[in-house]
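*Asks:* Protein sequence lines, in the order shown, are assigned to chains A and B.
Take 10 as the starting number for the first sequence in the numbering used here and just add one per residue.
Take 773 as the starting number for the second sequence in the numbering used here and just add one per residue.
Watch out, some of these pointers could steer you wrong.
Taking lysine to any residue and the SDA-like style, the derived pairs with C-alpha atoms no more than 25 Å apart in a straight line are [what the hints assert, rightly or not]:
#, chain 1, residue 1, chain 2, residue 2
1, B, K778, A, F139
2, B, K814, B, D826
3, B, K814, A, T232
4, A, K202, B, L789
5, A, K245, A, Y256
6, B, K778, A, T232
7, A, K202, A, F181
8, B, K778, A, S221
9, B, K814, A, L169
10, B, K778, B, L789
Counterexamples of contact, computed for chain A against chain B with all Cβ distances above 12 Å [as the list claims (entries may be wrong)]:
#, residue
11, V40
12, E63
13, L114
14, T130
15, V204
16, D237
17, I252
Think of the hints as simulated: they come from the structure by calculation, not from any bench.
Note that CB positions come from ideal geometry on N, CA and C, so glycine has one too.
Spelled out from the first residue to the last, the chains are:
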Amino acid sequence: MTLRYLTFRLFIFALIIWVAASLNFLLPRLVPGDPITAMLNRMEDRGATVNNQEALIAAYRERFGLNSSLAVQYGRYLASVLRFDFGYSITAFPATVSSIISNSLPWTIGLLTVTTLLAFTIGIVLGALFMWRGTPVLLRLTTWFLIIIAPLPYYLIAILLLFLLGFTLRWFPPTSASLVNQITTVDWQTVLKIVQYSMLPALSILLAAVGSWALGMRAMMITVQGEDYITLARAKGLSERRIMLGYAMRNALLPQVTALGISLATVVSGATLVEVVFLYPGIGRALLTATNNLDYPLIQGITFILVMSVAVGVLIVDLLYPLLDPRISYERR
Amino acid sequence: MVHNWKLWLGLLLLVLLFASAAVGPLLIDEGATQPLYAAFNKPPSAEFPLGTDDVGRDLLALLVYGLWPTLSIGLIAGTLGTGIGTVLGLVSGYFRGPVDVVIRTLSDIVLTIPLLVVLILIASFTRTTTIEGTALIVGFLAWAGPTRALRAQVLTLRERTFIQMAQLSRLNNFQIIFLELLPNLLPYILAGFIDAIAGGILASVGLQLLGIGPLLIPNMGMTLNSAFAGGAMIRGFWWWWAPPVLVLTVLFLSTFLITLALDEIANPRLQSAA
Chain A
10 MTLRYLTFRL
20 FIFALIIWVA
30 ASLNFLLPRL
40 VPGDPITAML
50 NRMEDRGATV
60 NNQEALIAAY
70 RERFGLNSSL
80 AVQYGRYLAS
90 VLRFDFGYSI
100 TAFPATVSSI
110 ISNSLPWTIG
120 LLTVTTLLAF
130 TIGIVLGALF
140 MWRGTPVLLR
150 LTTWFLIIIA
160 PLPYYLIAIL
170 LLFLLGFTLR
180 WFPPTSASLV
190 NQITTVDWQT
200 VLKIVQYSML
210 PALSILLAAV
220 GSWALGMRAM
230 MITVQGEDYI
240 TLARAKGLSE
250 RRIMLGYAMR
260 NALLPQVTAL
270 GISLATVVSG
280 ATLVEVVFLY
290 PGIGRALLTA
300 TNNLDYPLIQ
310 GITFILVMSV
320 AVGVLIVDLL
330 YPLLDPRISY
340 ERR
Chain B
773 MVHNWKLWLG
783 LLLLVLLFAS
793 AAVGPLLIDE
803 GATQPLYAAF
813 NKPPSAEFPL
823 GTDDVGRDLL
833 ALLVYGLWPT
843 LSIGLIAGTL
853 GTGIGTVLGL
863 VSGYFRGPVD
873 VVIRTLSDIV
883 LTIPLLVVLI
893 LIASFTRTTT
903 IEGTALIVGF
913 LAWAGPTRAL
923 RAQVLTLRER
933 TFIQMAQLSR
943 LNNFQIIFLE
953 LLPNLLPYIL
963 AGFIDAIAGG
973 ILASVGLQLL
983 GIGPLLIPNM
993 GMTLNSAFAG
1003 GAMIRGFWWW
1013 WAPPVLVLTV
1023 LFLSTFLITL
1033 ALDEIANPRL
1043 QSAA
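In isolation and in its complexed conformation, chain B is listed as follows (with noise of 0.2 Å):
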């Protein structure tokens, strides 16, 4: 584990994203992100070292005050979807039985609707504008996969000595569940909170390209949807659509980084051949 350089890379991009989402806000005034602060569609220079867009607005500031935001959809989104998967996903594969043949019925059938076009279809409606509100309608729609992945491991732990002799030991099923098989789980919902992070901020970006979801708040999303609306490609304003591309790069990749390591200490004949 400590010799797995994905994991540690991974971490590391991580957590300067974080960094820069909590430092970031202190050294710029929030009154940079409002219209009209500055002029418009300046090309990046000593002032201004990412330029402004097309409605005055410091793109260096939208970018640091817009960093929490996006991660936050993710944990939230996140939290939930692990939190709901990892209790589903334990009480599936823990008692079998109609209480699995039920939580495995529906798992399957949210995993086969496209989770990007419900939210579409709900967003639109609801007309969600906050972050908040966003992270909650993904966060419900994304605890399928991780029950579906926990549910397999619950199914192969459950079955270990150390279970039957917990069971032996007359500890209530609660005790064995949490004390028992969720340790156990945890580098798999470690894993399954990563990917949701991911996809939460995946999803929702997704919804802002098509001019719904939270547009008032700066987040990387908004900046994309507006340097689209803007036609920033067409005239050639990089500065304006680069800085989110990149940082929602990083982001994806330290997130992929870090879950192939996790696949990699799980699995440990996937690292000899690397």
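Pulled out of the complex, with its shape left as it was, chain A reads as follows (with noise of 0.2 Å):
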């Protein structure tokens, strides 16, 4: 890896950072009206009286600096973005936009990061067993239909699983609303608890992500098979367990492994619907509260930090990959 495709990687990262940044201070501002007479509108359309309006709007517009130029507050804004600071949440006052996701982030990288490896494991033997002769004819039907239902959005087969696991056979909790609360002390039973009420969400997302990992694997396979060195096993006499092992599926296993890494990198807002559809308490569940109380700093906080994880993800898979594959290099760049 050369130093100037670390600079040009580093300057893409700070891009987009500063992109996300940006159109987090520059929309509220585009749209017309402002947010403290929008806000003072919608209190009295619900019934509250708000009183020496002008006055409340003049302090307002002083505490927030509204009054100081758009590049001094354009300044301010992007520097207390990178220290994490995006102000109160509007819906829960006294609690900060941070302490909202920081509460959030675990329950979703945790979720995620299980079922994506989970997911990435189970799809690529089934779309490696696709390929071999001497797999059983209901595996292949299994994988036939994963791959089937692969195109389907997460949140579809969420709302499957919620009616048909949850509500009609009720093998499982259908909503994970009052998980939080259930927390009072870390022993077995409150893991046991936190698996029960993941199962669903979990499955779903299982469900959702195993057929194209084994779309891919397959995909991968069939192309492998037609390499010579393959060619070559099979003349030497060895057998097809041998080949299909130590030949065709670890060579096909590379280009999965970097789309692994990317999906890894994608964990934080990889099933911001799943979350919403069974109320688990994730990143997506704080997202779902914000919208609909149309709490625009929790918005942005939220966008903000999604965005930032992607790109921190994405960052990192990247400068891995020469390291994984001595072939790729940057060199050309």
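Combine both chains into one complex, guided by the hints.
*Replies:* Structure (structure tokens):
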């Protein structure tokens, strides 16, 4: 890896963060009307009377620095974003946006990391077995089924599972809404409870993701089957099993591992809407609360964190990739 | 191509959806999509085959009248995304050099940023409630994928002899791009377009699950949103949420089958092993 590539990659990373932060700054200012008047109007819509509106607006403008020039406001905004300071949530007032985010992040990261790794493992095994003559018909059919449902958005599968396993068969609790309140101490029972309540979101993500891994692996296996070294291995009289495991699968795996890296990089934003369907206490649910209440600081904070997490993840994958596959070099870029 | 069942099945499903969107409204009175048209929360009956929702709208009418708006989000967003992507991909791949660096870097950035997240941000601030508005936002964010895919194709095509031939016969760049390159890229553009239609609909319904986007005009996402807000699942009103889920499932399956088939046509090795 050259220094030039590293600088270029870091520059792109900084650019993404800058674009995300600037979008957050610009959007509220592009929309007609100012946020304070809009908020007062909303309060009045809900039946609250607000006295001394003029004075209140002036005080707020002063308090939030809206009287200074746009450039100064922009500079201040960028500085606070870099400190992850997104201000206070409107709906959960004394709580800051960053505290809400840091409370929900572990839930999302935990769920998505486990399900992504599981989906990857099951998917590549199924995809590879698909190309093997000895695979039972039942397993083949299962793989086909998973591949067919792979294009469905996560949230549709989540809705179907919620109906089937949550409400009709009642195998698992249909919502995880009460999960956070039930956690008082950390012991085996709590862990079991978390697993039980996370089953439906986890199954939805698994069902939706396994198929595309299997499909990708199958395509790579087909490509690899045509390679000369497979023909040579066969000519040497190696067993089919050995060709499959030691030659075909191993080589077909490499692009899949890269894809795994990228999908681990998008762990935080990967299944926002699955969380919404099950009210799972992660970042997606926080976003739902934010959009339902038009809690703009919270919306901005969450979207910024989601974009940033992907940018960081992809940066790490890009920098690690040459270590994984020595054939890749960034010299020529 | 003729023997690819995935292509034909996918196309058949898609045509069926468009046909129902066109014919359905002729058979049902539009008034039935309005609140207070019928009794609330009625299960399917002879009069209302899919029942009614919690404000007395006929759910069959909502389904039928909601089809076209849902499809049109996909069509507008898909056309816009694929259109911009095609032009940028052609320019980037054909001219190379600094233009290519800029376009490639920009599309890399857009591909990295999760689209739905930006969409949520923009839609919640602009409070877009129209089909067209949502479709435009989705479309303007959806060009990066097609740009990358087409650029890669152009890079291999431009080295072929027929392009060199065209350059030797003094065709100008404009003619080469539109008369020589573009026709050869049509299967890829079509695959990108189909993908973008599905992507646009996926994103807009996702927005609606979060309670933002076009929630005033009948469409699949609106019904799903109101079903969840009205507790259809807990109350066992399957006729409320299941029809839009079914329509969306058919839609995503059909676009998937078509892109899978186009992929096999472009890469015959995949087909032989199927």
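*Asks:* With reference to the structure, classify each hint as holding or not holding.
*Replies:* Hints and how they fare:
1. B:K778 - A:F139: holds, 19 Å
2. B:K814 - B:D826: The hint holds at about 9 Å.
3. B:K814 - A:T232: Not OK: B:K814 and A:T232 at ~54 Å, beyond 25 Å, violated.
4. A:K202 - B:L789: Since the Cα atoms of A:K202 and B:L789 sit roughly 43 Å apart, the hinted pair is violated (cutoff 25 Å).
5. A:K245 - A:Y256: At roughly 13 Å apart (the allowed maximum being 25 Å), A:Y256 and A:K245 satisfy the hint.
6. B:K778 - A:T232: With a Cα-Cα distance of about 21 Å, the restraint between B:K778 and A:T232 holds, given a limit of 25 Å.
7. A:K202 - A:F181: Holds, because 11 Å separates the two Cα atoms, which is no more than 25 Å.
8. B:K778 - A:S221: holds, 17 Å
9. B:K814 - A:L169: holds, 22 Å
10. B:K778 - B:L789: holds, 17 Å
11. V40: A:V40 not clear of chain B: closest Cβ-Cβ about 5 Å, inside 12 Å.
12. E63: holds, 26 Å
13. L114: holds, 15 Å
14. T130: About 23 Å separates A:T130 from the closest Cβ of chain B, which puts it past 12 Å; holds.
15. V204: Label holds. Min Cβ-Cβ 23 Å, cutoff 12 Å.
16. D237: The claim stands: A:D237 keeps its Cβ more than 12 Å from every Cβ of chain B (closest is about 15 Å).
17. I252: Label holds. Min Cβ-Cβ 16 Å, cutoff 12 Å.
Comparing the model with each earlier hint shows violations of hints 3, 4, 11; every other hint is respected.
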